[in-house]
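> Protein chains in written order, with the working numbering: chain A, 1 to 205; chain B, 206 to 410.
No lab work stands behind these hints: they were computed from the structure.
In this text, all values refer to a predicted model and were calculated from it rather than measured experimentally.
Mixed in with the good hints, there may be bad ones.
Which chain B residues face chain A? A few, computed with CB under 7 Å, are given here [said to hold, decoys possible]:
id, residue
1, Trp229
2, Gln233
3, Glu337
4, Arg386
Some chain A residues flagged as far from chain B (calculated, every beta-carbon gap over 10 Å) [what the hints assert, rightly or not]:
id, residue
5, Gln25
6, Arg63
7, Ser69
8, Arg85
9, Gly97
10, Gly116
11, Gln127
12, Gly131
13, Gly133
All C-beta atoms in this analysis are idealised placements derived from N, C-alpha and C, irrespective of residue type, glycine included.
Protein chains: 2
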Amino acid sequence: MREAPVSLFGADRPAALSAGGLYWQLHQSFILIQIRGGLVIIDQHAAHERILFDRARASLAGRGALSQSLLFPAAITLSPDEFERYESLGGTLESLGFETEPFGPRSLIVRGIPAGVRNWNEGRLLQEILGEGRSGVDGFLRSFACRAAIKAGTRLSPEEMESLADQLFATELPYTCPHGRPTMLRVGLAELERRFARSVSPERT
Amino acid sequence: MREAPVSLFGADRPAALSAGGLYWQLHQSFILIQIRGGLVIIDQHAAHERILFDRARASLAGRGALSQSLLFPAAITLSPDEFERYESLGGTLESLGFETEPFGPRSLIVRGIPAGVRNWNEGRLLQEILGEGRSGVDGFLRSFACRAAIKAGTRLSPEEMESLADQLFATELPYTCPHGRPTMLRVGLAELERRFARSVSPERT
Chain A
1 MREAPVSLFG
11 ADRPAALSAG
21 GLYWQLHQSF
31 ILIQIRGGLV
41 IIDQHAAHER
51 ILFDRARASL
61 AGRGALSQSL
71 LFPAAITLSP
81 DEFERYESLG
91 GTLESLGFET
101 EPFGPRSLIV
111 RGIPAGVRNW
121 NEGRLLQEIL
131 GEGRSGVDGF
141 LRSFACRAAI
151 KAGTRLSPEE
161 MESLADQLFA
171 TELPYTCPHG
181 RPTMLRVGLA
191 ELERRFARSV
201 SPERT
Chain B
206 MREAPVSLFG
216 ADRPAALSAG
226 GLYWQLHQSF
236 ILIQIRGGLV
246 IIDQHAAHER
256 ILFDRARASL
266 AGRGALSQSL
276 LFPAAITLSP
286 DEFERYESLG
296 GTLESLGFET
306 EPFGPRSLIV
316 RGIPAGVRNW
326 NEGRLLQEIL
336 GEGRSGVDGF
346 LRSFACRAAI
356 KAGTRLSPEE
366 MESLADQLFA
376 TELPYTCPHG
386 RPTMLRVGLA
396 ELERRFARSV
406 SPERT
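The whole structure should be built from the sequences, with the hints applied where relevant.
Rendered as structure tokens:
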């Protein structure tokens, strides 16, 4: 399953970056990228899941997490189950870049969240992750990646699309999300020509 | 085979025109359009062939052709076969919007060409069409449409893409070029979701 990201990025690198217009977002859900041999279609949510999951695992492995401070610290009240899970996670949340401290019997103050997380939602993100109760650290990381990743229906600028693609191709398993679903489809020019019943000779008619 | 263009344009009309960015050109050959239910991929050459062919047939049926005057009239020398074909075509060329007059034994002066034709190529277009010798008026019109249509590898502005799509959907047989090949492929969002192995429930993960 392990594939070197370098060769992939070589072949699928967007063609002629200077020409511009190589990134296009379809229905605010899919990123279409022109590459030399055709087209790559990226599922933006699945791609971001893979990026966040890998970054979270690297953080837990001690490579340090980037945290972004909240402008206004958030106070969050948890259910008993959620609070129990919060306590059982120990330093895991902190390793990911969450800066929290207990505050009263079932409440937290959150001062910082992992860098790059978009769906903070005034703290609902943390409640959702703590409420899912998937087993094991990997299950928790999958919950985190899924809940924190950009969703379908989020408009992205060309720069954000490029950054997302760059980060995806820099992961070790760019082709699948943490659940094992594809993050991208490749459509070759030859396949398109075939679908259009074109001859591939230079004299195209 | 006859399909009403009205209903098609209803269903496949680009979504939310005001949002912009609904047209994207891939490898200067395919036009991708976001429609409400997904994506339409248009083969720009095949689409333009259909448009020019239909317009040429309407011109021959007496509905009048728009002609664009050349800034500098062109003198073209034909082979004996080409010249014979030119003479045998009688008023056909004129009906299409070509303004020509014989000039010497095997030469023409061309003062105007059909509006919308891009590949004039200093007269080579007319030589190519006259040289192909396809039989019948329809064969001649197919040669004309194929040679005069924009080619793969031609960069189009968003306005040009929109205009081409509009003109295509205004024809009576927008789905095929005069040779019977597809002008467009439709990719539904449901198909994309399926290819990405996504559940179609609102809680997408």
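> Beyond 10 Å on every Cβ pair: is that true for glycine 97(A) relative to chain B?
holds (22 Å)
> Examine each Cβ of chain B, and state whether all of them lie more than 10 Å from the Cβ of glycine 116(A).
holds (19 Å)
> Could you let me know if the closest chain B CB is still more than 10 Å away from the CB of glycine 133(A)?
Correct as stated: the minimum Cβ-Cβ distance to chain B is 16 Å, above 10 Å.
> Are all beta-carbon distances from glutamine 25(A) to chain B longer than 10 Å?
violated (7 Å)
> Do the numbers back the hint for tryptophan 229(B), that is, is its least Cβ distance to chain A under 7 Å?
Since the shortest Cβ distance to chain A is 4 Å, the answer is holds.
> Run the C-beta distances from arginine 63(A) to all of chain B and say if the shortest one exceeds 10 Å.
holds (26 Å)
> Looking at glutamine 127(A) again, its CB stays over 10 Å from all of chain B?
Fine: 16 Å to the nearest Cβ keeps glutamine 127(A) off the interface.
> Report holds or violated for the interface hint on glutamine 233(B), using the least CB-CB distance to chain A and a cut-off of 7 Å.
Result: violated, 9 Å to nearest chain A Cβ.
> Any CB of chain A closer than 7 Å to the CB of arginine 386(B)?
holds (5 Å)
> Was serine 69(A) rightly flagged as not at the interface, with every chain B Cβ beyond 10 Å?
holds (29 Å)
> Against chain B, does arginine 85(A) hold up as non-interface, every C-beta pair farther apart than 10 Å?
holds (20 Å)
> Would the hint on glutamate 337(B) stand, with a C-beta cut-off of 7 Å toward chain A?
violated (11 Å)
In summary, the numbered hints that this structure violates are 2, 3, 5.
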